[in-house]
Amino acid sequence: MCGAVAVDRLFTAADSKSALCYPLRGVWRDGERRDGGDAQYQFVITVPKKRLRHAVDRVAARRRIREAYRLTHGRVEEACGGAGGETPVDMAFVYVANRVMPSSAIHAAMERLLIKIHNVNNKVRNKSPEGDEAAENDKPVG
731 MCGAVAVDRL
741 FTAADSKSAL
751 CYPLRGVWRD
761 GERRDGGDAQ
771 YQFVITVPKK
781 RLRHAVDRVA
791 ARRRIREAYR
801 LTHGRVEEAC
811 GGAGGETPVD
821 MAFVYVANRV
831 MPSSAIHAAM
841 ERLLIKIHNV
851 NNKVRNKSPE
861 GDEAAENDKP
871 VG
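The numbering of the sequence shown is the working numbering, which starts it at 731 and goes up by one.
Some hints here could point you the wrong way.
[Claimed, not checked] Below are the DSS-like pairs computed for lysine-lysine, each with C-alpha atoms no more than 27 Å apart in a straight line:
#, residue 1, residue 2
1, LYS747, LYS846
2, LYS747, LYS779
3, LYS780, LYS747
4, LYS779, LYS853
Since the hints were made in silico from the structure, they are not lab data.
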């Protein structure tokens, strides 16, 4: 994911969703339709200097997050509707721990986070207007 406008839109849009799976915070939204060979899902990794003061630690955390994403990105394809899916997803992974966590902890957090993204996107896509009206009619009066 590149461009200040795209990243700004991801963090400020009203339709953005977020979840925390320590040591990662995920922010995502349905992206715009992309032409041709562009990936249907794009992501950015952020490791704030406020959290990890040493550049070596920030780079190590960024590499571990990237590797965890690489190993679990199949779930993102599911969340997009399969490989080459219909709905593109823009994501940001923000590192929130104050120290470098082991790769196993980051991998587990990434897996939980991608499952949450998958579940939330499926709930949003599977909602139908008829189902909402039926749920309102089932509520007790009084």
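Any of the earlier hints contradicted here, and which numbers? 4
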